[in-house]
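So the protein sequences, as listed, match chains A and B. Under the numbering used here, the first residue of the first sequence carries the number 1, and numbering increases by one thereafter. Under the numbering used here, the first residue of the second sequence carries the number 1001, and numbering increases by one thereafter.
Note that these hints are calculated values from the structure, not bench results. Incorrect hints may have been included.
Said to hold, decoys possible - In the SDA-like style, the derived pairs of lysine to any residue whose C-alpha atoms are separated by at most 25 Å in a straight line are:
id, chain 1, residue 1, chain 2, residue 2
1, A, K107, B, M1060
2, B, K1078, A, D86
3, A, K96, B, Q1017
4, A, K107, B, E1062
5, A, K107, B, G1016
6, B, K1078, B, L1045
7, A, K107, B, Q1017
8, A, K107, B, P1070
9, A, K70, A, Q56
10, A, K96, B, V1114
11, B, K1078, B, Y1101
12, A, K96, B, I1055
13, A, K73, A, A16
14, A, K107, A, Q2
15, A, K55, A, P41
16, A, K96, B, R1009
17, B, K1078, A, K70
18, A, K78, B, I1055
19, A, K107, B, D1086
20, B, K1068, B, M1015
21, A, K96, B, E1011
22, A, K96, B, G1059
23, A, K96, B, T1113
24, A, K96, B, D1086
25, B, K1024, A, Q56
26, B, K1078, B, M1039
27, A, K70, B, E1044
28, B, K1024, B, E1011
29, B, K1078, B, Q1017
30, A, K96, B, M1015
31, A, K73, A, K107
32, A, K96, B, Q1080
33, B, K1068, A, A53
34, A, K107, A, Q14
35, A, K96, A, S42
36, A, K55, B, K1024
37, A, K73, B, P1061
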Amino acid sequence: AQTVTQSQPEMSVQEAETVTLSCTYDTSENNYYLFWYKQPPSRQMILVIRQEAYKQQNATENRFSVNFQKAAKSFSLKISDSQLGDTAMYFCAFMKRSGNTPLVFGKGTRLSVIA
Amino acid sequence: DAGVIQSPRHEVTEMGQEVTLRCKPISGHNSLFWYRQTMMRGLELLIYFNNNVPIDDSGMPEDRFSAKMPNASFSTLKIQPSEPRDSAVYFCASSFPAIGYNEQFFGPGTRLTVL
Chain A
1 AQTVTQSQPE MSVQEAETVT LSCTYDTSEN NYYLFWYKQP PSRQMILVIR
51 QEAYKQQNAT ENRFSVNFQK AAKSFSLKIS DSQLGDTAMY FCAFMKRSGN
101 TPLVFGKGTR LSVIA
Chain B
1001 DAGVIQSPRH EVTEMGQEVT LRCKPISGHN SLFWYRQTMM RGLELLIYFN
1051 NNVPIDDSGM PEDRFSAKMP NASFSTLKIQ PSEPRDSAVY FCASSFPAIG
1101 YNEQFFGPGT RLTVL
């Protein structure tokens, strides 16, 4: 079974600053995907960024980037130039790369961006 | 595209009552997932279907919970009888059959309160 751990229940950052959210996972799978989801107060789940485990290059999406360390089973999210709209819960998630399989989520990190 | 549709958005009921949550996946998607979100346990998979067939229901808490997918465009999650500990946000998600990565698209969730 896979597990995903987010060790930071809450974090805060000043507007325009950079913040890094941590995530570790445990799996015996070799082929998988990792994700970061954002859940604003509206509670809609929004996909922020995706990483394929077989790719060494870290994924980036505008102000969002990841640091993927496969051997260490670590997958952190860096948000640059933080904006007030980034205030949300952030979930790290794992999915096996074998057809349509479920997501396994961490408990989440509540991020507050302060003006 | 309307996205994944869930109804109702909010449900308040009394302990012992039957509750039915509904989900309409995105047209053409062949996998459907039911997740539950609570403060204590975070986001957890309850059950998922591929091509209308239940694949894994190991996350269903107990016999009070049941899920059906009578056709490709509709699924229900039923709780009978409901208990206060069932209070949570229930998400439905669907994904498209493709080789490799299949993004899961989430509905807006149903917030259930059992008094």
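Against the structure, the hints come out as follows:
no.	hint	verdict
1	A:K107 with B:M1060	19 Å, holds
2	B:K1078 with A:D86	35 Å, violated
3	A:K96 with B:Q1017	37 Å, violated
4	A:K107 with B:E1062	22 Å, holds
5	A:K107 with B:G1016	29 Å, violated
6	B:K1078 with B:L1045	15 Å, holds
7	A:K107 with B:Q1017	30 Å, violated
8	A:K107 with B:P1070	32 Å, violated
9	A:K70 with A:Q56	8 Å, holds
10	A:K96 with B:V1114	34 Å, violated
11	B:K1078 with B:Y1101	30 Å, violated
12	A:K96 with B:I1055	15 Å, holds
13	A:K73 with A:A16	29 Å, violated
14	A:K107 with A:Q2	14 Å, holds
15	A:K55 with A:P41	33 Å, violated
16	A:K96 with B:R1009	30 Å, violated
17	B:K1078 with A:K70	40 Å, violated
18	A:K78 with B:I1055	35 Å, violated
19	A:K107 with B:D1086	18 Å, holds
20	B:K1068 with B:M1015	22 Å, holds
21	A:K96 with B:E1011	33 Å, violated
22	A:K96 with B:G1059	17 Å, holds
23	A:K96 with B:T1113	33 Å, violated
24	A:K96 with B:D1086	28 Å, violated
25	B:K1024 with A:Q56	37 Å, violated
26	B:K1078 with B:M1039	21 Å, holds
27	A:K70 with B:E1044	24 Å, holds
28	B:K1024 with B:E1011	17 Å, holds
29	B:K1078 with B:Q1017	11 Å, holds
30	A:K96 with B:M1015	37 Å, violated
31	A:K73 with A:K107	17 Å, holds
32	A:K96 with B:Q1080	32 Å, violated
33	B:K1068 with A:A53	33 Å, violated
34	A:K107 with A:Q14	23 Å, holds
35	A:K96 with A:S42	28 Å, violated
36	A:K55 with B:K1024	34 Å, violated
37	A:K73 with B:P1061	29 Å, violated
The earlier numbered hints that this structure contradicts are 2, 3, 5, 7, 8, 10, 11, 13, 15, 16, 17, 18, 21, 23, 24, 25, 30, 32, 33, 35, 36 and 37.
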